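*Asks:* This is what each chain is made of:
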Amino acid sequence: MEMNPEDAVTDLHPLPCGRTVEDVWDEIESGELSEHRATCPHCRTAQAGLEQLIEATQFLIDDPVDVPSGLLDRIMTAVRADLNLGRTIPLSTEPAEVEVSVHALNAVLRYAVDGTTGVRARQCRIELSEPGAVRVWMSVALEFGAGQVGALDEARQRVSLALRGQIGLELESLDFEVVDVWTKP
Amino acid sequence: MSTGEVAQIGAAEAAALAARAVGGVVRLQPGIKGLLRQFGAQAWQRATGRDMPDVAGVHIELTEIEVQAEVRIVVGVDHLAAEVGRKVHEAVVSALEAATGRTAVVRIRIVEFELEPRYS
Chain X
1 MEMNPEDAVT
11 DLHPLPCGRT
21 VEDVWDEIES
31 GELSEHRATC
41 PHCRTAQAGL
51 EQLIEATQFL
61 IDDPVDVPSG
71 LLDRIMTAVR
81 ADLNLGRTIP
91 LSTEPAEVEV
101 SVHALNAVLR
111 YAVDGTTGVR
121 ARQCRIELSE
131 PGAVRVWMSV
141 ALEFGAGQVG
151 ALDEARQRVS
161 LALRGQIGLE
171 LESLDFEVVD
181 VWTKP
Chain D
1 MSTGEVAQIG
11 AAEAAALAAR
21 AVGGVVRLQP
31 GIKGLLRQFG
41 AQAWQRATGR
51 DMPDVAGVHI
61 ELTEIEVQAE
71 VRIVVGVDHL
81 AAEVGRKVHE
91 AVVSALEAAT
101 GRTAVVRIRI
111 VEFELEPRYS
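One line per chain: the protein sequences are X and D, in this order. For the first sequence, my numbering begins at 1 and goes up steadily by one. For the second sequence, my numbering begins at 1 and goes up steadily by one.
Hint data in this document are derived by calculation from the structure and do not stem from the laboratory. Keep in mind it's a predicted model, so treat the numbers as computed, not measured. Some clues are possibly wrong.
[Said to hold, decoys possible] Which bits of chain D does chain X cover? Going by a derived footprint, with three or more residues having C-beta under 8 Å, they are: (1) 22 to 35; (2) 79 to 89; (3) 102 to 109.
Beta carbons: idealized from backbone N, C-alpha and C, even for Gly.
Chain X on its own, in the form it takes in the complex (with noise of 0.2 Å):
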């Protein structure tokens, strides 16, 4: 499969099964039960959360007084920050207990692999391996004849440095597999 980059939607609120928190709500209004989320936990909870938020809404629709702006991004981000909060892992804070969302770190390094030319992110996951130690697998995309194996080098590179810089996280280990290449049309 192809993959163009410049496709990239940054607006929807993605779910860690892939699907976004806007085909759930879309299929909801639908009426339709996709086998997909007749099954998935994670499309599951954001519909569970979702229709709380249906009647919730509907007193506020019934309400004279104008809707707030922004309302359904901020549900949708409500919804997210709960799915969010799936998995977290604790900083090196003691005493202070802190501790950060795994969904939210994937985020910050598949941004950080994305900013290496040639390579995208696709799949990632996080696991503690000691205190304030994590090991990492990733699924990328290479554009071909970008110089792979310096590209990945530098997506390492990345990846320690934003956990180290921006985190407060110190990498163990990171394995890329490659899923996929694409070329520059």
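For this one, chain X is given, so just place chain D on it according to the hints.
*Replies:* Below, chain D without anything else, positioned relative to chain X:
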């Protein structure tokens, strides 16, 4: 509104103000329950005309001897998250202990990073 609820909102407001004042905190981020509470607060504000502080993203439990708090924050990626979290923790503990006179047990959860942060 009961005295307990007033005390709880007062403590939550102190925690929210303290957390927002820390550099690197882009905003506090409520989940679904927090957002519904916020809608309720807005409805209450419209009905009574009295201001309700913005405490979305802060959850407070007051007991006889201590105050427990969970604060959900969004951090700008141009700051070191662990340091921001530690400073928010310190600020919230101080604010809560001053506001309630009870021992504060605080947990900070970073729910999101703003990759291109804009601070208000």
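*Asks:* Each hint should be assessed against the structure and marked as holding or not.
*Replies:* How the hints compare with the structure:
Using a Cβ-Cβ cut-off of 8 Å, 6 residues of the region 22 to 35 of chain D lie near chain X, which meets the minimum of three, so the contact claim holds. For the region 79 to 89 of chain D, the assignment as covered by chain X holds, since 9 residues bring a beta-carbon within under 8 Å of that chain's beta-carbons and 3 suffice. Given a C-beta distance limit of less than 8 Å, the hint that chain X covers the region 102 to 109 of chain D holds, as 4 residues qualify and 3 suffice.
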